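A.B. asks: So the chains spell out like this:
Number of protein chains: 4
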Amino acid sequence: MTDTTLTPSQVQAYLAEIFPQFDATITHIDRNGAVLELPTGEQHLRPGGTVSGPTLMALADAAMYVAVLGNIGKVALAVTTNLNINFYRKPEPGKLRAEARILKMGARLAVGDVLLYSEGIDQSVAHVTITYSIPPPAKAVE
Amino acid sequence: MTDTTLTPSQVQAYLAEIFPQFDATITHIDRNGAVLELPTGEQHLRPGGTVSGPTLMALADAAMYVAVLGNIGKVALAVTTNLNINFYRKPEPGKLRAEARILKMGARLAVGDVLLYSEGIDQSVAHVTITYSIPPPAKAVE
Amino acid sequence: MTDTTLTPSQVQAYLAEIFPQFDATITHIDRNGAVLELPTGEQHLRPGGTVSGPTLMALADAAMYVAVLGNIGKVALAVTTNLNINFYRKPEPGKLRAEARILKMGARLAVGDVLLYSEGIDQSVAHVTITYSIPPPAKAVE
Amino acid sequence: MTDTTLTPSQVQAYLAEIFPQFDATITHIDRNGAVLELPTGEQHLRPGGTVSGPTLMALADAAMYVAVLGNIGKVALAVTTNLNINFYRKPEPGKLRAEARILKMGARLAVGDVLLYSEGIDQSVAHVTITYSIPPPAKAVE
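Residue numbers (the working numbering), protein chains in the order written: chain A, 1414 to 1555; chain B, 1414 to 1555; chain C, 1414 to 1555; chain D, 1414 to 1555.
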């Protein structure tokens, strides 16, 4: 477990390396959470012009992963064990924003929630709770 | 659907009438949420002295119901359709506090989340997301 | 971790000891799951004569706990970390039945789901997924 | 709402039209559920060679949508309101299979669950519960 002084750009570079499909921008990160943004394109849309559910879930999952990294440092092998999402407003094409908050950073499990926002809509469009399983210290990177 | 100027004591009295087992105290209520407190007793405890999961779930469910009443007025027939809870710290005997927040108050569904706190522990012990199904207006009370 | 040859009556007796509020009857138990029944009374009902959500959640949680005991033997300290319930039919007063199925029995986490049935209704009334955290072997009982 | 005699190939053709990114194959469909298969490629993998969580979530969501279509006929505007997933075994590269089961087909909400399987692993790798909101009849297609 490293000291947590990772900056958004450090985590961004780390993710580009281990997780090449990662296409969001980290705009904030601290011990309690992280904020990510994702400009949506054609590949994220559904019939009717709404952003697809999997796009929202993937962004929320990434935001929680970044929040975990921000809290405990680089842990490549943390894996999602549970994700629960409520979709309650229709997201519009345009930028998405995910605000992840850590509720508990345990030795074995990290629990947090994520609010998702869609450009042009003041209130959140979806809420996600996520649990990550943290590997034993021996498996931590560096 | 009545104008929402219900006070904690009005909702408390209403719940005492329609839902006699309700044993929590409403300490705050507004259009965006509600706060409830519950002093735990022997009947709420589990082996090891922790508060039982069902006690936490029941309190969270009640807090969201109160928050819905606070937002749309007396709706006796609103029913829970989904509840997801993560338990991540061990609650201690003593007072529990539930802080419910409405994320979306729709015509058919209300979505919110609840943070649960245990006396003597600064951070939350559990997080709950809840969806209520709202009956068509004809079924609203008064 | 004991060999798993626990019978319903052994688990019933064990639960009566460690968990005195337990009021359900175990009718079946094997390595893959368990079945519990609960006769509902006034204390389980809500306005309108339906069975309360917390009653369903408590029964499902107990059924999953029994299934875990059936699989790995007596583990007093297993704790629920996540519970997600969908309520989709109105349960009637009368006997409830919970059918728990283990989906994964891991070293650290057990995952399963539970279907809840209400006397007189053929189809299930609610579905629950539950994760239990399993304590390290040193904490196992006996 | 059409009579439900849709075949896998009819639903496959319908989805190709309204939802061009749909890349799974429908192998079975009836009033109670549906089975879909997805061959995974590089774009579905994560560091370490496992299939990404969003791939699993997207496949489960599609399987439930197909099951809803199989039950009530073509309803383009049904939307996911809640999805809860537990990931408990590591899926391998290769074909994924999703088995969706309808638990409740209501007038307003459809609830079901999905078991996900990974080629070469007998037991399921993830379990998903999903709620779809069904639009009022006027919005049904055809």
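No lab work stands behind these hints, which were simulated from the structure alone. All of these numbers come straight from a predicted model, not from anything done at the bench. Mixed in with the good hints, there may be bad ones.
It does not matter which identical chain is meant; a pair holds if it fits inside one copy or across any two.
[Said to hold, decoys possible] Cut-off 25 Å, straight-line C-alpha distance, at most; resulting in silico cross-link-like pairs (BS3-like, lysine-lysine):
#: 1; residue 1: Lys1508; residue 2: Lys1487
#: 2; residue 1: Lys1487; residue 2: Lys1517
#: 3; residue 1: Lys1503; residue 2: Lys1517
A.B. asks: For every hint, state whether the structure bears it out.
C.D. replies: Hint check:
no., hint, result
1, Lys1508 <-> Lys1487, "neither (27 Å within a copy, 31 Å between copies)"
2, Lys1487 <-> Lys1517, "within (18 Å within a copy, 28 Å between copies)"
3, Lys1503 <-> Lys1517, "between (29 Å within a copy, 12 Å between copies)"
Taken one by one, the earlier hints fail for this structure only at number 1.
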